[in-house]
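So the sequence lines, in the order shown, correspond to chains L and P. First residue of the first sequence? That's 293 in this note's numbering, and the numbers climb one at a time after it. First residue of the second sequence? That's 9 in this note's numbering, and the numbers climb one at a time after it.
If you are wondering where the hints come from, they were derived from the structure by calculation, not from laboratory data. For glycine and all other residues, C-beta sits at the position ideal for the given N, C-alpha and C. The reader is advised that the hints may include incorrect statements.
To give a feel for the contact side, a few chain L residues facing chain P, derived at Cβ under 8 angstroms [unchecked claim]: (1) Asp294; (2) Ala300; (3) His357.
Computed Cβ-Cβ distance ranges for the label pairs, DEER-style [what the hints assert, rightly or not]: (4) L:Glu295 with P:Ala66: 16 to 26 angstroms; (5) L:Ile352 with P:Asp118: 31 to 41 angstroms; (6) P:Arg151 with L:Arg302: 20 to 30 angstroms; (7) P:Gln50 with L:Glu305: 16 to 26 angstroms; (8) P:Val117 with L:Ile352: 23 to 33 angstroms; (9) L:Ala356 with P:Val116: 34 to 44 angstroms.
Output of the computed footprint for chain P on chain L, the stretches with three or more beta carbons under 8 angstroms from beta carbons of chain P [unchecked claim]: (10) 333-345; (11) 364-372.
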Amino acid sequence: MDEFARAAFREQEARRIRRHRAFWLHFAVWAATNIFLVVVWALTGGGYPWFLFPLFGWAIGLVAHGVAAYGLADVNDIVLQREQQRMVQADAPPPSE
Amino acid sequence: MTRVFRRGELQAAVLDALAQIEPANGYAVMQELADRVGESWQPSPGAVYPALIGLHDAGLVAVTERDGGREYKLSAAGRRAASKVSGTLEAVGTRARSIPRAATVAAVVDDFAARIPNRHRLLTAEQEATIIAELDHVRRRIRELLQEDN
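With the hints as extra help, turn the sequences into a complete structure.
Next up, the structure:
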């Protein structure tokens with residue numbers, strides 16, 4: 293692999309890490325906010341669990357973010373991934389049997 | 009933000025660039041793209057390398073390994089394809105240069121207003137008159153400046 297290809301793979305890796313970090317930051321904000329809402333609900337005498345509405349409503353967005361961060365890849369990612377597999381196969385020693 | 013490259017256009021631009029500078033390594037291709045497109049596009053190996061691989065997979069570009077580096081060259085099919093997309097770089101460059109830049113009068117004035125300290129404090133009638141007079145002066149200067157430009 294030449295330097296240009298390495299730079300491309302490094303860039304892809306950095307993009308992937310940024311994407312994952314953004315998702316976990318989103319998750320942390322979601323969790324903290326909802327813990328706060330549950331505490332408010334408990335301190336105000338429990339009763340009707342209204343905190344479930346923001347919790348599940350926001351969870352829809354959170355799941356979508358998770359799918360985008362971990363599940364979906366853009367075209368460049370797919371091309372680079374395929375290229376990497378090809379390189380690994382080219383470097384692998386021939387099967388012994 | 010306006011996109012400099014339309015969908016699939018980067019590959020055509022790479023083909024066009026390669027037709028002019030082949031044989032070339034990845035950095036040279038990227039440099040040629042950057043030079044022709046201009047400052048409104050930030051080139052990166054993460055975009056250009058997949059485009060080169062895509063062209064290679066399509067049989068339009070041949071790759072030779074040389075001194076630990078890769079050199080890219082058009083294949084016969086690539087040359088035919090390149091002749092069809094010649095002018096892509098020119099078109100992209102023209103479009104990129106026509107994208108309005110952020111520095112407009114409105115942007116400068118908004119930025120100025122946002123940075124005035126104590127901007128919500130109430131003014132006396134005298135202070136108000138003084139500020140309006142000063143700003144009127146600045147407005148006239150801006151108008152003159154813009155008219156000089158035309």
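These are the hints, each one checked on the structure:
1. Asp294: holds (4 angstroms)
2. Ala300: holds (4 angstroms)
3. His357: Check failed: Cβ of His357 (chain L) comes no nearer than 22 angstroms to chain P, outside 8 angstroms.
4. L:Glu295 with P:Ala66: 16 to 26 angstroms: Distance hint for Glu295 (chain L), Ala66 (chain P) holds at roughly 24 angstroms.
5. L:Ile352 with P:Asp118: 31 to 41 angstroms: Once the Cβ atoms are compared, 36 angstroms apart, the range 31 to 41 angstroms for Asp118 (chain P) and Ile352 (chain L) holds.
6. P:Arg151 with L:Arg302: 20 to 30 angstroms: Since Arg151 (chain P) and Arg302 (chain L) have Cβ atoms about 50 angstroms apart, the given range 20 to 30 angstroms is violated.
7. P:Gln50 with L:Glu305: 16 to 26 angstroms: For Glu305 (chain L) against Gln50 (chain P), whose Cβ atoms are near 18 angstroms apart, the range 16 to 26 angstroms holds.
8. P:Val117 with L:Ile352: 23 to 33 angstroms: violated (41 angstroms)
9. L:Ala356 with P:Val116: 34 to 44 angstroms: holds (38 angstroms)
10. 333-345: As far as the region 333-345 of chain L goes, the hint is violated, because 0 residues have Cβ atoms under 8 angstroms from chain P.
11. 364-372: holds (count 4)
Violated hints for the displayed structure, listed by number in ascending order: 3, 6, 8, 10.
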